[in-house]
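Take the sequences, apply the hints, and build the full model.
One letter stands for each residue in the lines below.
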Amino acid sequence: MLAFILRRIIQAVLVMLVVGFVAFSLFRYVGDPVSIMLGQEATAADRVRLTHDLGLDRSFVVQFGHFVANAAQGQFGISYRMGRPVAALIAERMPATLELSFLAALFALVAGLPMGVYCALRPTSWLARLFLTASLVGVSLPTFLIGILLILVFAVQLGWLPSFGRGDVVQLGWWSTGLLTRSGLKALVLPTITLGLFQMTLIMRLVRAEMLEVLRTDYIKFARARGLSDRAVHFGHALKNTLVPVITVIGLQLGNIIAFSIITETVFQWPGMGLLFIQAVQSADIPIMAAYLSLIALVFVVINLVVDLLYYAVDPRLRVERVVAQNG
Amino acid sequence: MGRKFALALLLSLLAIWAHGARAATLRWSAQGDILTMDPHAQNVVTTTNIQAQIYEPLISRDKQMRVVPALAVSWAQSSPTVWVFNLRRDVKFHDGAPFTADDVLFSLQRANEPTSNFRVYAGVASSVRKLDDYTVEVTTAAPNLALLNQLSFVLMMNKAWCINHNVGRPQDFKNKEETYAVRNANGTGPYSLKSRDPDVKTVLAENPNWWGNREGNVSEAIFLPIKSDATRVAALLSGEVDFVLDPPLQDLTRLKNTSGLKLVEGRENRIIFLGMDQSRGELLYSDVKGKNPFKDVRVRRALSQAIDIEAIKSRVMRGFADPAGTLASPWWGDYFTPSMDQRLPLDRPKARRLLAEAGYPEGFEVTLDCPNARYINDEQICQALAAMFVQIGIRAKLNTMPPANYFAKLQKNDTSLYMLGWGGPPSDPITLLRPVLHSPRPGGDGDFNYGRAIDSKLDDLIDRIDIEADPARRQVMVAEAMALHDEEVLHIPLHRQVIPWAMRANLRVVHRPDNRLELSWTRIE
Numbered sequence: 000m001l002a003f004i005l006r007r008i009i010q011a012v013l014v015m016l017v018v019g020f021v022a023f024s025l026f027r028y029v030g031d032p033v034s035i036m037l038g039q040e041a042t043a044a045d046r047v048r049l050t051h052d053l054g055l056d057r058s059f060v061v062q063f064g065h066f067v068a069n070a071a072q073g074q075f076g077i078s079y080r081m082g083r084p085v086a087a088l089i090a091e092r093m094p095a096t097l098e099l100s101f102l103a104a105l106f107a108l109v110a111g112l113p114m115g116v117y118c119a120l121r122p123t124s125w126l127a128r129l130f131l132t133a134s135l136v137g138v139s140l141p142t143f144l145i146g147i148l149l150i151l152v153f154a155v156q157l158g159w160l161p162s163f164g165r166g167d168v169v170q171l172g173w174w175s176t177g178l179l180t181r182s183g184l185k186a187l188v189l190p191t192i193t194l195g196l197f198q199m200t201l202i203m204r205l206v207r208a209e210m211l212e213v214l215r216t217d218y219i220k221f222a223r224a225r226g227l228s229d230r231a232v233h234f235g236h237a238l239k240n241t242l243v244p245v246i247t248v249i250g251l252q253l254g255n256i257i258a259f260s261i262i263t264e265t266v267f268q269w270p271g272m273g274l275l276f277i278q279a280v281q282s283a284d285i286p287i288m289a290a291y292l293s294l295i296a297l298v299f300v301v302i303n304l305v306v307d308l309l310y311y312a313v314d315p316r317l318r319v320e321r322v323v324a325q326n327g
Numbered sequence: 000m001g002r003k004f005a006l007a008l009l010l011s012l013l014a015i016w017a018h019g020a021r022a023a024t025l026r027w028s029a030q031g032d033i034l035t036m037d038p039h040a041q042n043v044v045t046t047t048n049i050q051a052q053i054y055e056p057l058i059s060r061d062k063q064m065r066v067v068p069a070l071a072v073s074w075a076q077s078s079p080t081v082w083v084f085n086l087r088r089d090v091k092f093h094d095g096a097p098f099t100a101d102d103v104l105f106s107l108q109r110a111n112e113p114t115s116n117f118r119v120y121a122g123v124a125s126s127v128r129k130l131d132d133y134t135v136e137v138t139t140a141a142p143n144l145a146l147l148n149q150l151s152f153v154l155m156m157n158k159a160w161c162i163n164h165n166v167g168r169p170q171d172f173k174n175k176e177e178t179y180a181v182r183n184a185n186g187t188g189p190y191s192l193k194s195r196d197p198d199v200k201t202v203l204a205e206n207p208n209w210w211g212n213r214e215g216n217v218s219e220a221i222f223l224p225i226k227s228d229a230t231r232v233a234a235l236l237s238g239e240v241d242f243v244l245d246p247p248l249q250d251l252t253r254l255k256n257t258s259g260l261k262l263v264e265g266r267e268n269r270i271i272f273l274g275m276d277q278s279r280g281e282l283l284y285s286d287v288k289g290k291n292p293f294k295d296v297r298v299r300r301a302l303s304q305a306i307d308i309e310a311i312k313s314r315v316m317r318g319f320a321d322p323a324g325t326l327a328s329p330w331w332g333d334y335f336t337p338s339m340d341q342r343l344p345l346d347r348p349k350a351r352r353l354l355a356e357a358g359y360p361e362g363f364e365v366t367l368d369c370p371n372a373r374y375i376n377d378e379q380i381c382q383a384l385a386a387m388f389v390q391i392g393i394r395a396k397l398n399t400m401p402p403a404n405y406f407a408k409l410q411k412n413d414t415s416l417y418m419l420g421w422g423g424p425p426s427d428p429i430t431l432l433r434p435v436l437h438s439p440r441p442g443g444d445g446d447f448n449y450g451r452a453i454d455s456k457l458d459d460l461i462d463r464i465d466i467e468a469d470p471a472r473r474q475v476m477v478a479e480a481m482a483l484h485d486e487e488v489l490h491i492p493l494h495r496q497v498i499p500w501a502m503r504a505n506l507r508v509v510h511r512p513d514n515r516l517e518l519s520w521t522r523i524e
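Same order as they appear, the protein sequences are chains X and Z. Quick note on numbering: the first sequence equals residues 0 to 327 in numbering that gives the first Met the number 0. Quick note on numbering: the second sequence equals residues 0 to 524 in numbering that gives the first Met the number 0.
Just so you know, the hints here were simulated from the structure itself, not pulled from any lab data. In this text, a Cβ means the ideal position worked out from N, Cα and C, and glycines have one as well. Heads up, a few of these hints could be off.
Said to hold, decoys possible - Below are the SDA-like pairs computed for lysine to any residue, each with C-alpha atoms no more than 20 Å apart in a straight line:
#, chain 1, residue 1, chain 2, residue 2
1, Z, 200, X, 181
2, Z, 408, X, 182
3, Z, 255, X, 151
4, Z, 200, X, 87
5, Z, 349, Z, 360
6, Z, 200, X, 182
7, Z, 411, X, 51
8, Z, 408, X, 50
9, Z, 200, X, 173
10, Z, 200, X, 89
11, Z, 200, X, 129
12, Z, 411, X, 169
13, Z, 261, X, 181
14, Z, 408, X, 24
15, Z, 200, X, 91
16, X, 185, X, 149
17, Z, 200, X, 174
18, X, 185, Z, 238
19, Z, 411, X, 43
20, Z, 200, X, 169
21, Z, 294, Z, 352
22, Z, 255, X, 156
23, Z, 411, X, 55
24, Z, 408, X, 56
25, Z, 261, X, 156
26, Z, 255, X, 155
27, Z, 200, Z, 181
28, Z, 200, X, 90
29, Z, 349, Z, 392
30, Z, 193, X, 181
31, Z, 408, X, 281
32, Z, 312, Z, 329
As the list claims (entries may be wrong) - Between beta-carbon pairs, the in silico distance windows are:
#, chain 1, residue 1, chain 2, residue 2, range
33, X, 28, Z, 396, 16 to 26 Å
34, Z, 451, X, 301, 11 to 21 Å
35, Z, 96, X, 28, 47 to 57 Å
Here is the structure:
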């Protein structure tokens, strides 16, 4: 068990290194931060000096080496655009992104699960058809368009909800939350729906497919033959067995939600890490881009690691196969 | 005791009521947030425009962009290189400290540190001396008529505040930490910084002790950056913001036709033009081998006469452009005359004839480099230009790049034909002549002459304009230099940008060519 975990952690570190390397080699193509930082009146001598101060005149290998050494200590340097430490900037933005991501995941689950169950139990009803058609829209419309449409209807036409920002936030230690104020809650509605819609349709379709599969199995037939009520069959037996793969998928999707909140955050001016990243890309703010990409990679690696470990704990066959494989 | 308290309460309630009667909150938005509150760290117009509500220069600009006293009440030259400035008395910083000559000396020196982005302005003073608490003497190395202009860009900080918070120098990227001045501010201006949450909101509050005369009634101003164009417009439509500095062009008609909203248009001091590689023996990106067609003035002239600038104005810019005949700025004051602004007319037959005379009857192929999303509709302008050049036989291949990559490419002179914009806060002719028109040499001259268009007569004129002490003679020389440049078509002017602002109908604003919203002039009716 310990050896397995250790192996996985070493693999995770390798993945992180590769991500860091790829990200870092891409930075050379995003443009020259120096000319952006200095503005148009600067002289060539100023540019040379700043390039040297930032260490951009050193070779790629040296720059990458410094990056890895510093990153290992949690040091990502100072943002070129804002002149503030990257770690502090990311820490400030993280609550906004995480709050939005978890709410979006919750929304996807709470709305998607019952819809999926309903579609499986009443596959021919008009409501189920409506859900399926609507879910097609959810899958095929790009996120930014959904966001803009929601803003148009609920902010501009109806005037019910704000079109941008987080509203008033309450500071709980280093964590800022919009869940405790009225304006903060109102501001969460549209971004949550925008970000969660795709995942919701995914969960709905997954639940529906899994459940239809389960409903065809023998033990459901036996349960019915025993005269159990529909309710007990559907929710006591069928749904329970449907949920195992669904939970796995939701866990993995959480990483996606956090990573792809960039678009939602841009549309709604949501002050999270994604917005920070987009602005960093435009001004070639390498320290922020590097930190953000590393962080997202870390999120995926950790989630995958946890899922693997859970499988290992839950599924005895994995352990057996490993033993067989090692012996063979 | 109880009575006193009641009286005090009543008085303060009255004060709140009286204040509330004229107090108004302005919520305004633009695409990007300010980068820093440090007034010497970043020379970016969007940043300095907001800083200038908090910090003030010695010399400022009025609504017509004329030079007017700010923290200096008067000035005089005791010799062509020595200027004496009399400072305004009884000015207080937001923290209550008085503004004195020591702050001027300190600020000019701070803005001239190697880590400052304002050295190009503050550096004109070779020495600064304090004569008494309210008199400062500035000496320049050579006669410099642009001094007042250059000083209008240097904002004044409080020496004691900077020393106490260890921000005697602007942001230094070698020293990897945040400085206090990045998120805090202490100026003398009409507004003080109340709170700042980067990328979310910045709140400015009226400075009740400001020395100036506040024409507007904005008591609190909240800046809310919104990156996405559509969301910014939606926020204006839904009433969540009152003013948008940079509404997207495609939404203007809609905004104009929405009741309760209006557009205020103003010409920006920014000229968009084309430059050509006139230095290499053979162009990097062309099918002409062994020679450089752009070295021939007839080819440059042909290119210029192939441009249908009115079509670009009406179709690409939707009317938001002002066709220009020169790189000279109409905000140069007496240095600009309307006769400078003569465009070479659109004349395709003549352009083809000029090409044939120059030895290119079949035209040639060349790459047109263009930024995307740096200037208004820049990419679309270049698409239109490419189509126009083809009509006289010049097959322009379009290469568009994001600004961050584009300018890095230009700095290496890695281009044959390129688009550039020049402008910002209106200033002296020398801020165009030296960096853009002079031939490149160490010290900043010609840094933006990416095509290395070189004319020794023009160089000589610019060097003399720089140190000319007599304004009348200097005017003649500037006119001569621009005529020389235009005769040789060293660059091809396109247009000056016209910037629309979108806002509630009850807002009264002044649209200046530096695209700055001056809060103290803004009224909410």
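Broken hints, numbered, in rising order?
-> Hints 2, 11, 12, 13, 30 and 34 are the ones this structure does not satisfy, whereas the remaining hints hold.
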